[in-house]
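With the hints as a guide, dock the two chains, each given alone in a separate frame, to form the complex.
Residue strings, one per chain:
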Amino acid sequence: MAGLSPSERRLQKELMSLVKEPPPGVTVDSDVIERNLLQWLINMDGASGTLYEGENFQLQFKFSNKYPFDSPEVTFVGPNIPVHPHVYSNGHICLSILTDDWSPALSVQAVCLSIVSMLSSCKEKKRPPDNAFYVKTCNKNPKKTKWWYHDDSV
Amino acid sequence: MKVTIKNWVGVATWRWVANDDNCGICRMPFDGCCPDCKLPGDDCPLVWGQCSHCFHMHCIVKWLQSQQVNQQCPMCRQEWKFNNK
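These protein sequence lines map, in sequence, to chains E and G.
Going by the UniProt record's numbering, the first residue of the first sequence is number 1, and it counts up by one from there.
Going by the UniProt record's numbering, the first residue of the second sequence is number 1, and it counts up by one from there.
Check before you lean on any hint, since a few could be wrong.
[As the list claims (entries may be wrong)] Calculated lysine-lysine pairs in the BS3-like style (CA-CA distance at most 30 Å, straight line):
id : chain 1 : residue 1 : chain 2 : residue 2
1  : E       : 143       : G       : 81
2  : G       : 38        : E       : 13
3  : G       : 6         : E       : 13
4  : E       : 146       : G       : 81
5  : E       : 62        : G       : 62
6  : E       : 20        : E       : 66
7  : G       : 62        : E       : 13
8  : G       : 62        : E       : 66
9  : E       : 140       : E       : 62
10 : E       : 126       : E       : 62
11 : E       : 126       : E       : 136
12 : E       : 140       : G       : 81
13 : E       : 125       : E       : 144
14 : G       : 62        : E       : 144
15 : G       : 62        : G       : 38
16 : G       : 62        : E       : 143
[Stated by the list, open to error] From chain G, some residues computed to sit far from chain E (all C-beta separations above 12 Å):
id : residue
17 : 10
18 : 25
19 : 39
20 : 45
21 : 48
22 : 57
Read the hints as simulated data drawn from the structure, not as lab findings.
Note that CB positions come from ideal geometry on N, CA and C, so glycine has one too.
Okay, chain G solo, but in the shape it has when bound (with noise of 0.2 Å):
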């Protein structure tokens, strides 16, 4: 038998490698996004310290923004830097 493929729909998931199921902060799931975003995905990204603890980017840059002296991350209260891998 002889299959003529006409035309194929492509379906992908993709989900955040993180090493944890949530965000420390907000709590919501890692591949849900932040609770002031509608979408997951590259518009409320994660990012990760280089403590290796990792937040939604909002919730991370929120708790950076209101802090004035120093700028800890929330896990370990080590000083925060990004990690840009």
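Chain E on its own, in the form it takes in the complex (with noise of 0.2 Å):
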């Protein structure tokens, strides 16, 4: 591991237990990865018996050298973003772990896992209420939205 930054040194440890034992439905591609540590492609499936059963989502994370102090950037990218109240059809996804309750002691695993979670416990498929003036007016980077965490149901 020589040569690694402390992000990068975690990273490779995460990445390596990602392998080794990943959250249900999550899939990573780890010779990719460890060409550049810094940034993550994850597939995730859509967990059987739930709305999203048979489909695929790939979600993209984004560490500075700050991580874990700081949070990693994570959206869902790609063709297919899961339609949900709290994902936005740019795939920035409304979740408090992400910025204000973020802490070094979560990973990518307990990323991942909270996020099968969120889609699992959806009762019914729609985007957040203000998607359409959201995804207009929002910065690239959801971590420089002031999120407004209200809904705990999903």
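So this is what it looks like as structure tokens:
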């Protein structure tokens, strides 16, 4: 692990444990990630028995060199963005652990698990009520959004 | 037979007594050091919070310094207070 920054060393360990014990439906291409540990693409399957069964999603994680003191920037990317009350059509996710409630004890694995669980508890596929306005006016980086967390039901 | 000891070399091992193997912040072993240090030992000590969670001192201080409002334990989110036992 010589030559890696502290952030990259932790990410290298996380990658190894994610490959060994991935949350259900989560897969990564570790060869691609190892070339740039600061940006990950993660494949996520919709859990069976939920509204997203049979769908596939891609999550992008971007890490700064302050990780894990600074939270990762996590967005859905690619052709299929889940239709969910907390996921905007541009892939931004309204999830408190990604900003205000981030802790350095969390991990890629923990974030994936939260997102799988957020999708799985969804009762009705719909976009957030302010989707059209938000995607027109927001910053490209979801961490720049002052999120307003008010709905704990999904 | 009578043996006379002319000299001897003492060898000792040490380890931190923590309730976990790895630091929850940097994920490095407690018996190693935080990623900013080169050598484990007293120069890279462990500290405990009153909530009983334990981290490399350098890791938890870095986290607390990055938090402007609430100073919380990364593991249990209780208010972080050093346990000076």
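Here is how each hint holds up against the structure:
no.: 1; hint: E:143 with G:81; in the structure: holds (29 Å)
no.: 2; hint: G:38 with E:13; in the structure: holds (18 Å)
no.: 3; hint: G:6 with E:13; in the structure: violated (48 Å)
no.: 4; hint: E:146 with G:81; in the structure: holds (29 Å)
no.: 5; hint: E:62 with G:62; in the structure: holds (21 Å)
no.: 6; hint: E:20 with E:66; in the structure: holds (25 Å)
no.: 7; hint: G:62 with E:13; in the structure: holds (20 Å)
no.: 8; hint: G:62 with E:66; in the structure: holds (10 Å)
no.: 9; hint: E:140 with E:62; in the structure: holds (13 Å)
no.: 10; hint: E:126 with E:62; in the structure: holds (26 Å)
no.: 11; hint: E:126 with E:136; in the structure: holds (18 Å)
no.: 12; hint: E:140 with G:81; in the structure: violated (37 Å)
no.: 13; hint: E:125 with E:144; in the structure: holds (26 Å)
no.: 14; hint: G:62 with E:144; in the structure: holds (22 Å)
no.: 15; hint: G:62 with G:38; in the structure: holds (17 Å)
no.: 16; hint: G:62 with E:143; in the structure: holds (21 Å)
no.: 17; hint: 10; in the structure: holds (33 Å)
no.: 18; hint: 25; in the structure: violated (5 Å)
no.: 19; hint: 39; in the structure: holds (16 Å)
no.: 20; hint: 45; in the structure: holds (18 Å)
no.: 21; hint: 48; in the structure: holds (15 Å)
no.: 22; hint: 57; in the structure: holds (14 Å)
Hint violations for this structure: numbers 3, 12 and 18, all remaining hints satisfied.
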